[in-house]
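Take the sequences, apply the hints, and build the full model.
Single-letter residue listing:
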Amino acid sequence: MSRFLIPAAIFLALVGVLYVGVVHSPNKSTMQSALLGKTVPDFSLPVLDAPGMTLSNTQLAGRPWVLNVWGTWCAACREEHPVLLEIAKQNVLPLVGFDWKDEDDAALDWLKQLGNPYSVVVADRDGRVAINFGVYGAPETFFIDADGRVQYRHVGAMTPEVWQREFLSRLPRGGLP
Amino acid sequence: MRAAAVAVLGTLLLGLSLSTAAFDIESMPTPEKQKRYDGLIHELRCMQCQNQSIADSPVGLAEDLRRDVREQINAGKTDAEIRDSMVARYGNVILFRPPFKASTAWVWLAPFLLLLVGAFVAVRIVRQRTSMVAGDDSIVDTDEPAR
Numbered sequence: 001m002s003r004f005l006i007p008a009a010i011f012l013a014l015v016g017v018l019y020v021g022v023v024h025s026p027n028k029s030t031m032q033s034a035l036l037g038k039t040v041p042d043f044s045l046p047v048l049d050a051p052g053m054t055l056s057n058t059q060l061a062g063r064p065w066v067l068n069v070w071g072t073w074c075a076a077c078r079e080e081h082p083v084l085l086e087i088a089k090q091n092v093l094p095l096v097g098f099d100w101k102d103e104d105d106a107a108l109d110w111l112k113q114l115g116n117p118y119s120v121v122v123a124d125r126d127g128r129v130a131i132n133f134g135v136y137g138a139p140e141t142f143f144i145d146a147d148g149r150v151q152y153r154h155v156g157a158m159t160p161e162v163w164q165r166e167f168l169s170r171l172p173r174g175g176l177p
Numbered sequence: 001m002r003a004a005a006v007a008v009l010g011t012l013l014l015g016l017s018l019s020t021a022a023f024d025i026e027s028m029p030t031p032e033k034q035k036r037y038d039g040l041i042h043e044l045r046c047m048q049c050q051n052q053s054i055a056d057s058p059v060g061l062a063e064d065l066r067r068d069v070r071e072q073i074n075a076g077k078t079d080a081e082i083r084d085s086m087v088a089r090y091g092n093v094i095l096f097r098p099p100f101k102a103s104t105a106w107v108w109l110a111p112f113l114l115l116l117v118g119a120f121v122a123v124r125i126v127r128q129r130t131s132m133v134a135g136d137d138s139i140v141d142t143d144e145p146a147r
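These protein sequences, in sequence, are chains H and B.
Just so it is clear: in the first sequence, position 164 is 164 by the numbering used here, and no numbers are missing.
Just so it is clear: in the second sequence, position 96 is 96 by the numbering used here, and no numbers are missing.
Keep in mind that the hints were calculated from the coordinates and are not lab data.
These numbers come from a predicted model, not from an experiment.
Cβ coordinates follow ideal geometry from the N, Cα and C atoms, glycine included.
Check each hint, because a few of them may be wrong.
Heads up, simulated SDA-like pairs for lysine to any residue below, C-alpha to C-alpha not over 25 angstroms straight-line [what the hints assert, rightly or not]:
1) H:LYS101 to B:GLU63
2) H:LYS101 to B:SER103
3) H:LYS101 to B:GLY60
4) H:LYS101 to B:LEU115
5) H:LYS38 to B:LEU113
Here are some of the chain B residues that sit facing chain H, going by a computed Cβ distance under 8 angstroms [unchecked claim]:
6) ASN51
7) LEU61
8) ASP64
9) ARG89
10) TYR90
11) VAL93
Here it is, written out as C-alpha cells:
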C-alpha cells in the first residue's frame, strides 16, 4: 500500500503545480502592462489631419484620459469601433486615439467612414512611441490618471463591460472636477 | 537514378538551410557593436509571436525593437541598460533569461528541485529492488503476473 502512496503524492503534487500554472499563466491576450503605476512615457506626436500641430503628454496632464492604440490594418480595431463611439457619447473621459504604424490617409478615411470617437488622434507613424508604452498589439487601451500615471491597460477589443469595470470605476468618486 | 535522388535531396536541404533566414538582419557599424547587437536581439522575446526572439521574427514590432536596440547601442548604452529599458517597458517576460530574484526564483530552482526528487525516488526504488533480490525471492515473484 505504502509503495503507491509516494508516487501518488508526487502525481497529485504535479497535478496541483500544473493546474496552478495553467490557471494563472499570463495569457498572451491579457498581459499586464509593465507601466502600471508609472508615469506615461514622454511623447510629442503629430496630430492627425492638423499639419504642424503636435500633442505631448504634458498637454494632457491634470485630468484623467484614455489612450486607444489602433490602426487601419487591425481587424479587432474595427470590431471595437462601435463601442468607442458609444463611449465617446458618454463624454466622461477624453479618448486620445493613437494611430500606430499607419498611413495618415487610410486613418482619415477610416474615421470618415466609421465615425470619429476621439477627442484628438496622434500619429505614431514609425512606432517609436508605441514601444515606450509597451504596446505589443492593437487594439490596446490605457487609462491614465490626472497625475499622468498608467492605472490600467486593456489588451484587445474594448467592450462595454470592460469600460464599466476597468475604466469608469477608476474615475475619482463623484465624477470629474 | 540514385545519384539523381541524392542531387534532389541535396538541393532541397540547401534550400532549407538558406530559407531559415527569411529576412536580413540589419548590420552595425563596427564588428564589436555587431556582436553585441546579435547577442541582444537573440535574448529579447518578440512580444507578438512569443516563442521567437526579435532576431527571428519579421513582424513590424520586432523590427521596431531591433531598431531601438541599434539606436541604444549607437548612443553608447551598455547591454545591461538596454535590457533594463526593455524590461521597464515590457516587463520581465521580454527576457528569455529572466533575472534571478525572489519572484522568479522558482523558475530557476524548480528544475533542480525536481531533479533531486527524481534522484531520491530512483535511489529508493533501486534500494528496494536490491533488498528484494537479496532477500526472499518469492516477494519478487508476487510482483510478476502468473505465467
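Consistency of the hints with the structure:
1. A hinted pair counts as satisfied when its Cα atoms are at most 25 angstroms apart, and H:LYS101 with B:GLU63 qualifies at roughly 12 angstroms.
2. Between H:LYS101 and B:SER103, the direct Cα distance comes to roughly 35 angstroms. Violation of the 25 angstroms bound is thereby established for this hinted pair.
3. For the hint linking H:LYS101 to B:GLY60, the alpha-carbon distance of about 9 angstroms falls within 25 angstroms, and the restraint holds.
4. Among the hinted pairs, H:LYS101 with B:LEU115 is inconsistent with the structure: their alpha-carbon atoms are about 47 angstroms apart, more than 25 angstroms.
5. Annotation: proposed proximity of H:LYS38 to B:LEU113 is violated, straight-line Cα distance about 36 angstroms (limit 25 angstroms).
6. Annotation: interface hint on B:ASN51 violated; nearest CB of chain H at approximately 11 angstroms, more than 8 angstroms.
7. For B:LEU61, the suggested interface contact is upheld, since its CB lies about 6 angstroms from the closest CB of chain H, less than 8 angstroms.
8. The restraint placing B:ASP64 at the interface with chain H holds, with a minimum CB-CB distance near 4 angstroms, inside the 8 angstroms limit.
9. With a cut of 8 angstroms, the hint placing B:ARG89 at the interface with chain H holds, because the nearest CB-to-CB distance is about 4 angstroms.
10. A distance limit of 8 angstroms between C-beta atoms decides the matter here; for B:TYR90 the minimum to chain H is near 5 angstroms, and the interface restraint holds.
11. Proximity of B:VAL93 to chain H holds as hinted, the smallest CB-CB distance being about 7 angstroms (cut-off 8 angstroms).
Violated hints for the displayed structure, listed by number in ascending order: 2, 4, 5, 6.
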